[in-house]
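Visitor: Residue numbers (the numbering used here), protein chains in the order written: chain A, 311 to 650; chain B, 319 to 488; chain C, 39 to 138; chain D, 194 to 890.
These are calculated hints, taken from the structure and not from any lab test.
Treat the hints with care, as some may be off.
As the list claims (entries may be wrong) - Quick list of in silico lysine to aspartate or glutamate cross-link-like pairs, EDC-like style, CA-CA up to 16 Å:
no.	chain 1	residue 1	chain 2	residue 2
1	A	Lys321	A	Glu410
2	D	Lys376	D	Glu352
3	A	Lys453	A	Asp383
4	B	Lys343	A	Asp383
5	B	Lys486	C	Glu126
6	D	Lys368	D	Glu316
The model shown is predicted, which means the values in this text are computed figures rather than measured ones.
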Amino acid sequence: MVELVLIPLLKIIVVLNATLLGVTYMVLLERKVIAWAQSRLGPMRVGPYGVLQPVADAMKLMLKEDITPARADKWVFTLAPILSMVPALVVYAVIPFGDEVHLFGRRISLYITDINVGLLYVVSVTSVGVYGIILAGYSSNSKWPLLASLRASAQLISYEIAITLTLVSVVLMSGTLSMVGIVTSQASQGVWYAFIQPMAFVIFFIGGLAETNRAPFDLPEAEQELTGGFHTEYSGMRFALFFLAEYANMIVVSSVATTLFLGGWLRPFPNVEFLSFLGIVPGWCWFLLKSFIFLYLFIWVRATLPRYRYDQLMRLGWKVLIPLAIANLILTAIVKVALA
Amino acid sequence: MAEAIAFYVLAACILGFAVLVVTAKNPVHSVVFLVLDFLCVAALYVTLGAEFVAAIQVLVYAGGIVVLYLFVVMLVNVKRPPEAFRAGGRHATLGLALAGAVLVEAAAIAVWSRLSPAAPASAAQTVPVSGNTEQVGWLLYTSYLVPFEVASMLLLVAMVGAIVLARKES
Amino acid sequence: MITPTHYLLLSMALFTIGLAGVMTRRNIIIVFMSIELMLNAVNINLVAYSAQVQNLVGQVFAIFVMAVAAAEAAVGLGILLAFYRNKETVNIDEMNLMKW
Amino acid sequence: MPYIWAIPLLPGLGALVNGLVGVRVFSRRTAGLVACTAMGAALALSLVAFWQLLGLPAEMRSYDVVVAQWIPSIASATSDGARAALQVPWGFRLDPLSAMMLLVVTGIGTLIHVYSTAYMHDEPRGGVARFFCYLNLFCFFMLLLVLGSNVLVMFVGWEGVGLCSYLLIGYWYEKPSAGDAGKKAFITNRIGDWGFILGIFLLFWTFGTLDFASIQRAASAMPIETGHFGVLSVIALLLFVGATGKSAQIPLFVWLPDAMEGPTPVAALIHAATMVTAGVYMLGRNAVLFSHAPMVLQIVAVVGVLTAFLAATIGLVQNDIKRVLAYSTVSQLGYMFTAVGVGAFSAGAFHLMTHAFFKALLFLGSGSVIHAMAGEQDMRRMGALKRHLPVTFATMTIGALAIAGIPPLAGFFSKDEILYRAFEANRFIWVLAVLTAFMTAFYMFRLVALTFLGAYRGPAWQGDAHGDRAVAGVDAHGHGAWHGPHESPRAMTLPLQLLAAGAVLAGFVGIPAALGGGNAIEHFLAPSFAVAGVHETAGPTGSPGVELGLMLFSVLVAAAGIGLAWKLYVADPEMSERLATRFASAHRLLSRKYYVDEFYNATFIAGTMASGRALWTFDRRVVDGFVNGASWVTMFGSWLSGLTDRAVVDGLVNGIGNRLQQASYTIRRLQTGLVQNYAMLMLFGVFAFVSLYLFVR
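Construct the complete structure from the given sequences, taking the supplied hints into account.
Guide: This is the structure we're talking about:
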């Protein structure tokens, strides 16, 4: 009973809370980093160096009036944020933050579950996330959200293809769909897939930016054009849900990238013996570190790069990334067959 | 026990959402219900131990096809509701009755054959189901290679055809 | 105890619901969706029996059915768009050119 | 000698160049240059060939070259049923006769080419190129005719020269008269060629070959047909018909005077020197045949002498300078045929050569005169041109003397040879020949007198105050304002002088034995007329005394003719008028050329027209009647069938169609076009099957 229900329940609670906390501080981090990039200070008022700023934001969002536009499709309007939030959180079920640890005399694996189609699970669940955006745009019965949602969904679908293709090539390397299996295969092969699949890595990173509607692919939220994107009409808690969902997605992408390309919880250069002293650091720290590096990259890119034009975005997706991904996949398959 | 609970809950969701899909006035609503219905079906697959099919169900149906439907519904913003015009010579109620009758009959057959001790489904143990993704892939790429290729060709042709159809005549 | 008959009845019901949709609705998009429902009913049957007889061929065929469904949706919706561009309607009762 | 085939080819090439390129681009100079070069090269080649031929001993002076096969052997039958292969090569033969002809053609041809460059000076550029193209083409065919070693090659040349003469007579095709003259010449020649072709067929039918040598060999083996009219005679007669056509003998001589419509050099080359003599040449080629057909020879002689006499009489009264020359040509040709007729082939050939010289000379001279008079051809409007055209006067006088037969000029020897042989053969013919000689002398000097002597009767030219102003008009070559009669340019006078020299000297190759000469040309030509072994019977049998007497007599006759001409046209010109008025009817008869043309018009041409019209009427009435009737019947039938089609067949089809339509109208109610309707029907089927399964099971 404990094994079957209690421990997973605990894991889920921990992971969810950790995620939400991470998300909130992710926001603060972004604001700070961008501020520094623009030689500003960023939020400084709430708490020392504004460390309590997220708390204030959360309270504000919870307390705000929750407006539903007239002539809006009521319950779809309500359903949309949920539909975009749930997949973002559900994905965490298969992300391995680390291998077993010993707590209270129990061996506890640092992941909620490990299903043998984990990667497929990730892909499919994230693919469901697009509904939130589309429905939000549709149901708020206003032209800018509609345009934004159409843009967003087109963008998501386009870049999903490229990303999935890169994932396939990674699966070709590892020979399994299970996330944990992929990490262990990297351990056994003694190299991070980022080094033997650099093309896939780069494509995945770009695609991840697009998937999460981050700069320079943040057209669905292009304030200058769409007055804020598909959630223009939203406010209060439902807006907060969209907000959380976006950042949660960022964390998901970075965690998946870490798992697939940077060897998950493995220490750097797992096959190099004289670096074994790094093993004293527990694996989940490595994982968090790598994910953090990714998140920082996200913010950095946003602070640096200008926004794409829509046709440029589509051309990049369809005429550059997808062909490259296909070529990479074919190449990988050929090499693997040749080596086998 | 838990299996039974899962089955009944999921079956109830599936049928309910299906009814909603069919009856919803607003096409967008029925699309949403369709998504939910497919998700439930996927869950049912999981309970049947077919994770791969479940994932594909979500990926292809929920993630792909239904998005397509959603787009079309948004593109086709009809001036007058489609239900306005009603053609004669289309006996919807008769069709409905027939459908019900077929359901009843088929159910009767099923239940009867269940009650009557027919030959128990002999478990033709051709491929053991364990971590079935590999086996499914194996089957797809060995004994069902030709149908697989045909299906891929079909998809390609369908893609081209859809593009040609939907392109605006300039 | 859940027997294949349960799955059979479930898929039958789902199929019949889809059938009813096909029969009654006049919005062709919804008719398409009903057809998807019917296909899902078939898939449920296939997967259920493949689990019952411990044979994966059922799942393989479920996958094929999905592929066919995808193709059908793509082409059908393309036709629908073309039709809509000409006739400004999606009413299935106004698509009655297929006579004499 | 192996390259004699190149001799015809050179002018051919010239014609090709001038015809394809020259007509478009060449200037007058270039066109003339090309043509003259081609002819000059041909002349040089033939001189070489001739020299080499002389090098050979007399018996084997015959050289054959086969350039290519023309007609590969075609099996066919001959009269005696023997299988013979009709096989015709492009074969050329050089023997004394053809060699002489070769020299005549190329030599005089070259001179005339040179002459033409100046004569045609006022023609438009393209016209000159066209003219020289034709001229070269003529030389090509003429040489083909001369050198051909079998009848067919000769026939090709024969037709070719006919064509060229047609083209050149009609050179000024804007003038309807020129075109008509061309057509007349061509058609008249066709009549002759009809005989020639029949002769060729009969030749092959008889001998199974067309090669001259083998024909002669075969013929000499056959008996001489004295008294009866055998196949050889028929062949000879047919060939002679061809000859009369080409050489303007009775009854086909009418075309030659009209041929004077062409440019004068053409008249000189074709209608005096070469082409018209082709007939004589052809007879000579087939000498053996003719010498085996005495009766035909009789006919030839009579026709020849009659032609000579009549043409001479006509020539007496003509006023067109060129026509006079034309008729004299006819009569001289008559002389040649007379020679052939009396069996003196070599004499005929000899006269052919000399005549070529002085007649070409006379024609060119007349051309020069016409040039000087700016196209005036009527002698009555000339006179006293001696002053203005000294060279022309001198050369033409030489020519006249030569043709009149004044010793020691060329004409004397050849003509007296003929007269002598005629005397030997038949006195009647001799008498006519002598009369002809008298008249020849008369009209030639009438021509000279009217043209060069007496008083100037021509049109006035500006600054005509006193004549010697006109001599200054030499510079103007007729173009622009006419500055009066003037001597022709060098390019025209030089050929005149050369030809005059020829007219003087050409005779000395044939000094008869009576004058202590060893009649060289006769011995030279003899092998061509006989087959080795067989010797022709003819040959001077009379004593030299008789010959000398005859010579003296003919010289006196010529002198008399000259004297009469002097008296009538220089001493007192009125007398000629008086004569003309006194014998008005005879004068009219002569000046109207015995009404031959009118006769032909009335009989043959009108007859042809009438028959054609009759045939046409028949065609329109009967044949068209048939055709139209048939078409009408067809149309009626089709109309009938169409009616049945519409009424019966279509009725049936449409009826069935309508029935089916009405029948289907009820059924098609089922097709509502509503998808769901069809789906419901399917569902109904499903329902039926399921209930079947449920209850019937």
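Visitor: Now tell me, hint by hint, if it's right for this structure.
Guide: Tested hints:
no., hint, verdict
1, A/Lys321 x A/Glu410, "holds (13 Å)"
2, D/Lys376 x D/Glu352, "holds (14 Å)"
3, A/Lys453 x A/Asp383, "holds (14 Å)"
4, B/Lys343 x A/Asp383, "holds (13 Å)"
5, B/Lys486 x C/Glu126, "holds (14 Å)"
6, D/Lys368 x D/Glu316, "holds (15 Å)"
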